[in-house]
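J.: Construct the complete structure from the given sequences, taking the supplied hints into account.
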Amino acid sequence: MNVQNHVYSLFLFLLLSLLLASCSSESQRRELTPFEQEHGVGPVTETVQLGEPDPLLAERGAQLFSTYCMMCHGPGMSRIAPELDHLLGRRSAEYTMNMILNPVGMSRRHPSRTQNQQGYFTSMPYQQLKVEDARALVEYFRMNPVLFAGD
Numbered sequence: 526m527n528v529q530n531h532v533y534s535l536f537l538f539l540l541l542s543l544l545l546a547s548c549s550s551e552s553q554r555r556e557l558t559p560f561e562q563e564h565g566v567g568p569v570t571e572t573v574q575l576g577e578p579d580p581l582l583a584e585r586g587a588q589l590f591s592t593y594c595m596m597c598h599g600p601g602m603s604r605i606a607p608e609l610d611h612l613l614g615r616r617s618a619e620y621t622m623n624m625i626l627n628p629v630g631m632s633r634r635h636p637s638r639t640q641n642q643q644g645y646f647t648s649m650p651y652q653q654l655k656v657e658d659a660r661a662l663v664e665y666f667r668m669n670p671v672l673f674a675g676d
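Quick note on our numbering: the sequence shown kicks off at 526 and runs consecutively.
For the record, the hints were derived by calculation from the structure and aren't laboratory data.
Be aware that a few hints might be false.
Derived EDC-like pairs: lysine to aspartate or glutamate, alpha-carbon spacing no greater than 20 Å straight-line [unchecked claim]: (1) Lys-655 - Glu-584; (2) Lys-655 - Asp-579; (3) Lys-655 - Glu-556.
T.: This is how it looks when you write it as structure tokens:
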């Protein structure tokens with residue numbers, strides 16, 4: 526391949542990349558619905574019925590928290606990630622589940638996340654959890670409003 530063909534190919538690649546980037550950012554500019562404003566951006570698009578406390582679901586949530594969340598939201602980690610004490614008093618179950626299931630989308634699109642992201646060393650990673658897992662974590666937070674007393 527001669528130099529002219531190489532430069533032409535590179536130009537086409539860059540042009541295509543810019544075109545794709547502009548298309549993806551267009552979808553991100555869509556206005557948030559009233560539900561998304563209050564409950565976040567993600568797969569949870571309807572009100573979650575919490576019902577009576579479910580100790581078994583909360584126990585599963587505790588296991589998930591220990592595996593996926595403790596390293597950043599554990600005791601003494603408030604400089605890495607927000608503290609979760611009284612989380613459901615500050616955020617809805619739906620918002621919490623959307624943050625767990627769609628942290629990148631929430632950080633990019635939801636006003637509360639774009640403002641609160643400042644001051645932490647990193648963004649919340651995507652953990653590949655399912656809706657049922659996020660619901661179990663919500664039940665854990667619900668039954669344990671103060672996770673780490675004295676931290």
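J.: Can you name, in rising order, the numbers of the hints this structure does not satisfy?
T.: 3
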